[in-house]
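Colleague: Make a model of the complete structure from these sequences and hints.
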Amino acid sequence: MDEELKSRENPVVLRLDSSEFQNIFTPEVITLKNIFDKYKYEIRIAGGAVRDLLIGLNPKDLDFATTATPQQMKEMFTSENIRMINANGERHDLKKRRIVFVGDPDRRVKEDYLRIMRYFRFYGKIADKPDNHEENTLRVLKDNVIGLQNISGERIWVELKKMLQGNFAGNLLKTMIDVGVGKYIGLPVSPNVEELDRLVKRTEHLSLHPISYLAALLRDLDDVTVLYNRLKFSGYDRDLAYFLVEHRGDKEGSRPLLPYEKLVLNSKIKQKDAIEYVKEVLKYRGDKLFDQFNEWVVPRFPISGKVLKEAGVPPGKMYGPIISKIKDIWIESNYKLAEEELIKYIPGIIEEFDKNKVKA
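Heads up: the sequence shown at position 27 corresponds to 27 in UniProt numbering, and the numbers run straight through without jumps.
Misleading hints may appear alongside valid ones.
[Said to hold, decoys possible] Below 27 Å or equal to it, Euclidean Cα-Cα: the simulated DSS-like pairs (lysine-lysine) are:
#, residue 1, residue 2
1, K262, K325
2, K129, K162
3, K309, K270
[Claimed, not checked] With beta-carbon atoms standing in for the labels, derived distance ranges:
#, residue 1, residue 2, range
4, E252, E111, 16 to 26 Å
5, R202, N334, 28 to 38 Å
6, D61, N356, 21 to 31 Å
7, W296, T66, 33 to 43 Å
8, E341, L258, 13 to 23 Å
9, T66, K270, 22 to 32 Å
By construction, these hints were calculated from the structure, which means they are not laboratory data. We put the CB at the ideal spot given by N, CA and C, even for glycine.
Modeller: Next up, the structure:
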């Protein structure tokens, strides 16, 4: 473009005074602002933090824009006796694709035990090989891993989730277990490493949800509960973990997609979430059914509560079980039975429920 860029003549000005906005003014941020004010430089919040604030979210990190040049900032911070350091405490040797701590590794880890988790996150981001760790680094991590017991699960999960979204997720999980991280992040005493190996091998061409890697290490639903209680991840992630562990070993029948269609249509959670859960379990299994399920259009169930009422079903607790029973009949018909045909089953279903009540 040849024309000089110009700002709008009538810019929209919005004054923020939300709790999210007030929360960003930590003592550190206020100190930083005061320094820039002292030297008469403007400093403003920029980037994703502004977007987050506008939509009512708490920014996870802050970017700043300033009128000071890099040289002016260097002079300013030197005058104030301030050193600029990597907030995470690591030095990235980009050319060699190595991750090493600044200074004494043992001291750096003891300053903040969460750096153990950050090491693995940055390894997946920077390294070009899955197992090119410095022996001394792994030894330091192993010697200090007990420090993770005092780190909140939420903080651990932030780092762990990012690591599992990067490269070498399966390999890094195994290395973490080798240095003793597992017991401090909620994994079982004997994680199912063999299942993790199988998962990585059959899904190397797929992008998995972070929870899938953790689910592979869990042997039963109780293990999911322990992991959730430690990491405190979202309800969505918790239910996905339960779903994966419960359904990863489901057997296929003559209609391979049928069990998964039922899981969606009979789900007590949001249908959208149920669909995503089924997709993830099919990816987890490395199943060729994934593509077929992706093309499946959820059919509309023809029976409503109004129809049941008109068919003579008494209101109350029977509605749910009767709808479930009719829905199973409809699903087994490959969704071919219409409303009129399904209604004919209602008297028999009611009679069956009444008999069961008498027996009870």
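Colleague: All hints, please: hold or fail.
Modeller: Now for the hints, and whether the structure bears them out:
1. Of the supplied pair hints, the one linking K262 and K325 holds, its CA atoms being roughly 12 Å apart against a limit of 27 Å.
2. For the proposed pair K129 and K162, the alpha carbon gap of about 18 Å is at most 27 Å, so the pair holds.
3. A distance of roughly 25 Å separates the Cα atoms of K309 and K270; the hinted pair therefore holds under the 27 Å criterion.
4. Roughly 52 Å separates the CB atoms of E252 and E111, a value that falls outside the hinted 16 to 26 Å.
5. R202 and N334 have their C-beta atoms about 30 Å apart, which keeps the hinted 28 to 38 Å range intact.
6. Range check, D61 to N356: about 58 Å between beta-carbon atoms, so the 21 to 31 Å window is missed.
7. Range check, W296 to T66: Cβ separation about 53 Å, and the 33 to 43 Å hint is violated.
8. Distance hint check for E341 and L258: the Cβ-Cβ separation is about 20 Å, which falls inside the suggested range of 13 to 23 Å.
9. Judged by the Cβ atoms, the range 22 to 32 Å given for T66 and K270 is violated: they are separated by roughly 44 Å.
Hint compliance for this structure: hints 4, 6, 7 and 9 are not met, and every other hint is.
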